[in-house]
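J.: Chain residues, written in single-letter form:
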Amino acid sequence: MRGVLEMAKYTSEDVKRMVMEQDVKFIRLQFTDIFGTLKNVSITSDLLEKALNNQCMFDGSSIEGFVRVEESDMFLRPDPNTFAVYPWRAQSDRVARMICDVYNPDGTPFSGDPRYVLKKTLKEAADLGYALNAGPECEFFLFQVDGSGVPTTVTHDNAGYFDLGPVDLGENARRDMCLLLEEMGFEIEASHHEGAPGQHEIDFKYTDALETADNIMTFKLVVKTVAHQHGLHASFMPKPIAGINGSGMHTNLSLSKDGKNAFYDPAGELALSETAYSYIAGIMKHIKSMTALTNPLVNSYKRLVPGYEAPVYIAWSTKNRSPLIRIPAASGAGTRIELRNPDPSCNPYLALAAMLAAGLDGIKNNLKPVKSVEANIYNMDAQERAVHEIDSLPDNLYEAVRELKKSELMRNVLGDHIFDRYIEAKMLEWNDYRTKVHKWEIEQYLTRY
Amino acid sequence: MSRSEIIIAAGNAEAGNKIRQVLIDNGYTVTGICSSGNEAIRKVRTLKPALLLANFELPDMTGFEVAKIIAGNDLCSVILLADDTQKGYVESRARDLDIVCLNRPVNRALLLNSVELTIRSRMRIEKLEKELNDMKNNLETRKEVDKAKGLLMEKSGLSEQEAYRRLQKQSMDTGISMKEVAKIIIDTMK
Chain U
580 MRGVLEMAKY TSEDVKRMVM EQDVKFIRLQ FTDIFGTLKN VSITSDLLEK
630 ALNNQCMFDG SSIEGFVRVE ESDMFLRPDP NTFAVYPWRA QSDRVARMIC
680 DVYNPDGTPF SGDPRYVLKK TLKEAADLGY ALNAGPECEF FLFQVDGSGV
730 PTTVTHDNAG YFDLGPVDLG ENARRDMCLL LEEMGFEIEA SHHEGAPGQH
780 EIDFKYTDAL ETADNIMTFK LVVKTVAHQH GLHASFMPKP IAGINGSGMH
830 TNLSLSKDGK NAFYDPAGEL ALSETAYSYI AGIMKHIKSM TALTNPLVNS
880 YKRLVPGYEA PVYIAWSTKN RSPLIRIPAA SGAGTRIELR NPDPSCNPYL
930 ALAAMLAAGL DGIKNNLKPV KSVEANIYNM DAQERAVHEI DSLPDNLYEA
980 VRELKKSELM RNVLGDHIFD RYIEAKMLEW NDYRTKVHKW EIEQYLTRY
Chain R
2 MSRSEIIIAA GNAEAGNKIR QVLIDNGYTV TGICSSGNEA IRKVRTLKPA
52 LLLANFELPD MTGFEVAKII AGNDLCSVIL LADDTQKGYV ESRARDLDIV
102 CLNRPVNRAL LLNSVELTIR SRMRIEKLEK ELNDMKNNLE TRKEVDKAKG
152 LLMEKSGLSE QEAYRRLQKQ SMDTGISMKE VAKIIIDTMK
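Residue numbers (the working numbering), protein chains in the order written: chain U, 580 to 1028; chain R, 2 to 191.
It is possible that some hints are incorrect.
The following label-pair restraints were derived from C-beta to C-beta distances [as the list claims (entries may be wrong)]:
1. Ile767/U with Asp97/R: 47 to 57 Å
2. Ser122/R with Arg596/U: 30 to 40 Å
3. Lys131/R with Gly764/U: 51 to 61 Å
Which stretches of chain U does chain R cover? Using the computed rule of at least three CB atoms under 8 Å from a CB of chain R, they are [unchecked claim]:
4. 661-670
5. 722-728
Over 10 Å on every C-beta distance to chain R, these chain U residues come out as not near it, computed from the model [said to hold, decoys possible]:
6. Tyr589
7. Lys595
8. Phe605
9. Phe614
10. Lys698
11. Asp755
12. Gln808
13. Gly810
14. Lys943
15. Arg964
16. Ile969
17. Ser971
18. Asp995
19. Arg1027
Keep in mind that the hints were calculated from the coordinates and are not lab data. Each residue gets a CB set at the ideal place from its N, CA and C atoms; glycine is no exception.
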């Protein structure tokens, strides 16, 4: 995709021409709130000129986590490079979108805009000569929708009542997803059925981090839309069903410097450079404080338990797939590290900013990681783990938020505005969960006591 | 009628069964009755009928939403049963999608006529599309073959007939189409 998009540097004029040529009637101006939800203002093509002149306004106080009522006017600045026509077949009018940055009325970037947070962090990296490449592996479930349109947790694989045809509905839906993503410029690297019934994974090619974050948002929209067109519901919830694998978003990370992969050093141990080792050390140092960003839901922590291919312990390895960080075998331009804890419910802008800032901190302070662990950590007891100096990820959202709250680095990355609001909202979420009586409690206790 | 399977989507089972009876009595095969839009989409995608007959009101989404998805992805033809206002709306928004709208209450004769007409015109369109594709393909084959022939004549000094014969023979020997053989020759001799 990188090649395609590097060529496709659109100007405002290009956008206007494409809108006219392709008979686009509506344009969605998209941005992401701090909790990773895609928001959009839809305008007709008549208002395109105004939008491209950054004159489109919206009421920021209506967006969760944005601003208070008295400072509600916000401006959207569309990024022409992100112009894309939606490839949906089932629409009467052609609709296109542009991803926007959010600005204050005085023309300064709005500090509550997650895209700005990532851009700011990328700028810091660029000042040190680095650019971040990221490639996500998004997993999701396809569920049936019941007769009144409400999604269930019944997967198509084992939904007996619909075992009529020879073709798997999910496979067809996934094929359509890949085709439409390709029409939108994605380069699909792999797509396959995942471990659990009804679970799928689609991987697209790595590219620079800002584009990857934009792509993740687009990806989720495409997957959900196509699922809907197949009478299914796509869910990126980290652990929708207890007892089977949850959905992760393993993220492949590498830095480049002067156009070369800065993680690759043919002379280094495992062909990894000092920079790569420091990056790993930085991530391991800050991982507890960034888990609230990479795994943002109460439910996220039900995925991070032993036995379901999700990481629990803070360690790295070249072979074993149980630790937090794995070094894939590819080397040279393909040298990278794979961070395995993020899940697809995260806000990709904030999560990638955190992953970058933590790594950069490792590089700046020349940190060295502890030794890699090649044994299966799940087979170790607490004592053995202590010998290997293996710590574990936060157990739940509450712990994760407490770790986040302690972190000066994360406050710097997110900025005060997002940092405070994020923590406040996540504590509310936790308290809401904590004070509710759950089905498990009724099942366990109601008759016994 | 070679392909006359029909799926019905109606929120109310009684109405669905009534329509089914009418269709069956007239020689059509009804492969499914669905009580929701999502179920209809899943069934159409799995069973690939010739036609979906859907009520405008369905419990989870409108019949028009379903129709746009089915017709937009070219899965089958759709007949929608709607009231006057709905019909006007559908007709103003359906554009070139393969959606036919009938006013409710619909009488037996009109329903049967519309079903027959829709299925037949779809079959005709599919046939024409196939012919068009074949023709496009033939034209391309001819272009490639001519080019390959030219190269063979120019670089190997064959006569036109010999060049054509060589292409034909290689295609027959290898089981690869003339077009592909021609492409390979163009790639290697250019």
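J.: Among all the numbered hints in the text so far, which are the ones the structure does not match?
T.: Hints 1, 3, 11, 12, 13 are the ones this structure does not satisfy, whereas the remaining hints hold.
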